[in-house]
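Number of protein chains: 2
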Amino acid sequence: MGFDSETGENKRDGRWNRRALQVSEAQRRVLAAAGRAASELTPLAECGGRRLAESLRATSDWPPFARAGLDGYAVRAADTALASPQAPATLRVTQAVAAGELALATVKPGTAARIMTGAAMPEGADAVVMLEQTAEASAGGEAAVLVKAVASPGQNVAPRGEEFRHGSLIAEAGALLTPGHVALLGTFGYAAVPVYKRPRVAVFATGSELLPVEAPLAPGRIRDSNSAMIAALVRQSGGEPLLCGTLPDEPGAVRKALADAASEADLIITTGGVSVGDYDAMAELLRELDEWKEPEEGAAEATSLASQWSFESHSSLASHSTFEIRSSSESSSLEADSPLEKGSAVNTQWVQAQQQGECMLLFNRVSMRPGSPTSAALINGRLVLALSGNPGACFVGFELFAGPSIRAMQREPSPVPASVTAVLGADFGKGSPHTRYVRSKLRFGKDGRVHADVLAFGKSSMMASLAESDGLAVIPSGSRGAAAGELVKVLLLKRIYS
Amino acid sequence: MGFDSETGENKRDGRWNRRALQVSEAQRRVLAAAGRAASELTPLAECGGRRLAESLRATSDWPPFARAGLDGYAVRAADTALASPQAPATLRVTQAVAAGELALATVKPGTAARIMTGAAMPEGADAVVMLEQTAEASAGGEAAVLVKAVASPGQNVAPRGEEFRHGSLIAEAGALLTPGHVALLGTFGYAAVPVYKRPRVAVFATGSELLPVEAPLAPGRIRDSNSAMIAALVRQSGGEPLLCGTLPDEPGAVRKALADAASEADLIITTGGVSVGDYDAMAELLRELDEWKEPEEGAAEATSLASQWSFESHSSLASHSTFEIRSSSESSSLEADSPLEKGSAVNTQWVQAQQQGECMLLFNRVSMRPGSPTSAALINGRLVLALSGNPGACFVGFELFAGPSIRAMQREPSPVPASVTAVLGADFGKGSPHTRYVRSKLRFGKDGRVHADVLAFGKSSMMASLAESDGLAVIPSGSRGAAAGELVKVLLLKRIYS
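Protein chains in written order, with this note's numbering: chain A, -2 to 495; chain B, -2 to 495.
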């Protein structure tokens, strides 16, 4: 592996002795440790965009009765068997049925009922003839209709249970509720809908160069733009951001701030301070965690460190119970809930650590560009994601770890970003020992193909490309980069697209 | 044109004498009549997903000063011209500069400054050498650094103004604010951001068969699922829904309910009652409007009808002023705001009618399937969209007209749904005299192509396919439909994807 241009790695002290995890393994650890949100009931008209906390089922057949599909006449098909424009069938009209009304009488042979869209089919009738195929008439002084075409049984009728049978599944727990789901839930009488609570996400920035956004610029200083960006990302991932300002400069104060946040929030995101600079407080704190507790070891030492932290919990996480020790058999049902945990025995420890309120380093280096110093830990059982302070790296770190965590807490079955295969728009020449996540804009060609245009201003420290990015092109590690016209994987950035 | 299976058209009375507009012309009328939202200031951390109400510009250069790109040593590149691992340049380290601090002294020839990522470059220095290319040393008892590689001027330095010049555009009015925009706005000190107010959208259902969602089913009746679905769609389009329940059955009461709503809301959406059934109150009201005022005529009669309606306005629309007559030259700037209005002289009349608080039918039939009876009118200058009551048709009508209206009110430059070209997944055999909008799910192939899979349960009356749809495949009018493997246009349904 070559040098590390982001951390300036030179192995001179412990700061640089970080083992880089592959992104997929880092995601696995984070998702296993993310915990699960509690549920709440929300009014139907407000549940769009939330995630369902229980699988819900049809409370009746749908349609609940055979319905007329359009405005016309309900007839017995057999009565029209010989009908044609030249020799229409004449049927006596005995009643009219509006939607919401019930027919007064059975449709007997030789009769018809005027019927409106959505009305329940009268007994006896088995087809609806559209108005255009009819003419009004009278038969012996009574209202009648001339039917000019043969009707087949079932024609223009939506039979009972055509779309849903009573008890069939509407949507599974974890589903993101679309407007179409809302319609179905309304149809089946779910006026209040069980959804997962929005995970509460504490957001801290670190860095003594940071000014509040409202402050005038000062020499050598910049405004904290990451906190507001993270707040927007948290909201668009289904969480509720709690902006906590800037972390203090010394590790003791950082530790206290994070422990306080751990008792209020379900997830903690910090930006900055994770690299190898002389003043990187987050990195120092995470090293300290690492010394107390190696991930591969048992949980015994961790609890002794955890006792330095505060314990009270106001969280919206369901399964979290600080320091309540569970056996691994008790925790196994939780483990099985998360698809990413399957087949990964080692993940049991992250689940246990989360449930037991432990402190534990999950990783402090990831094989990715930008954002290799991205780190994750449990502090009192709460997931802490320490993202890079460089806006580009912070953004990528959020998309790869924080967004997925917020979604996993709400049992989203596929919490990591979905990907598409796209045609790379231009050479991306730089090879790298790490996988690159390159800010791109997707374009849909007239040829039915998806194209990923790599955006300018894509350096880790740069912001100008963030606003336009709707994808991250994944350039595999290796010496050569990727060429224009190659097919590459592009992660879709999940956003409010409206 | 063949028969109309949705309206059962048979020309027996005025109900069926509706002229069908093409979708694009209907959209043009609706967007011209939609009015413009007022603006408000929102805190930076809450502006993600809103639309910018003013074009905003950089308030400084960015970066505001030359910044170190990584942790290392700030040097004069000329001092390293001969450096190599075998013969490193030895530079005296005179200071350390943390991010947020200013250097105490100029970097003079033969000296270097320890520097952290993001710190302002000291005067004199023109390059940063990463730590890996250095070693600590001492020179005459003073701290020094050995630089083992030639540094080029500007290396690892982000020059002042590299990304933005003071005054350059960050984003234009109407832009949907992404997390990346939020980062930029924070950087430039916009703690409060001018965004368009969310348009308030009154939602009514019609139909005496409708029960409230919380009611038990009753024979022949169904629950009102459209209102909640529309509420979810309104929210995901950037509006604020006001659920108004079910419209009464007679036109006089409908007129009063809509007039009351027109004084409170920026847009009114009704579902149901637009077809040719005997009890379709919305259709009757719209015919009445049509008789009062033909779109092609002047505005004189309309104001006399309008006087039947209530006038007080609590709306969040900026430019609306009931009955204040403006000359067409005064209204021309508004007209020019909407890209869809350009080159369409006739649209002036919709703009004027909106501004002057008029009542006017815009259309009551559109050449589309499902949803051909979809209608639009101005009532006291407020846009009323009368969507079909069939859930599928209601959904398509929303996507084609209501979503675009809500976005146009917030000056979204491209308010109608974006489209992609996709490979149709299966034959869609049915020809139609009208353009079909077919519920589809998009799939991204490993070959870089987009595929549109037509969903089952796609009839106008059906709901089961709504939840999964993320596109509407557009099947042009004609006799043959479209075949599997053909390239078709697919409208993207704009959603919260998080």
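Any given hint could turn out to be false.
The list treats identical chains as one, so a pair stands whether inside a single copy or across any two.
Unchecked claim - List of simulated lysine to aspartate or glutamate pairs, DMTMM-like, C-alpha gap at most 25 Å:
| id | residue 1 | residue 2 |
| --- | --- | --- |
| 1 | LYS456 | GLU129 |
| 2 | LYS427 | GLU159 |
| 3 | LYS253 | GLU133 |
| 4 | LYS253 | ASP58 |
| 5 | LYS443 | ASP467 |
| 6 | LYS253 | GLU281 |
| 7 | LYS438 | GLU169 |
Bear in mind the hints are in silico, worked out from the structure with no lab data behind them.
Hint check results:
1. LYS456 / GLU129: Result: close only across copies, 20 Å inter versus 66 Å intra.
2. LYS427 / GLU159: between (57 Å within a copy, 21 Å between copies)
3. LYS253 / GLU133: neither (84 Å within a copy, 34 Å between copies)
4. LYS253 / ASP58: For LYS253 and ASP58, neither the intra-copy (56 Å) nor the inter-copy (37 Å) Cα distance is at most 25 Å.
5. LYS443 / ASP467: both (19 Å within a copy, 19 Å between copies)
6. LYS253 / GLU281: within (14 Å within a copy, 68 Å between copies)
7. LYS438 / GLU169: between (32 Å within a copy, 18 Å between copies)
Consistency note: the structure conflicts with the earlier hints numbered 3 and 4.
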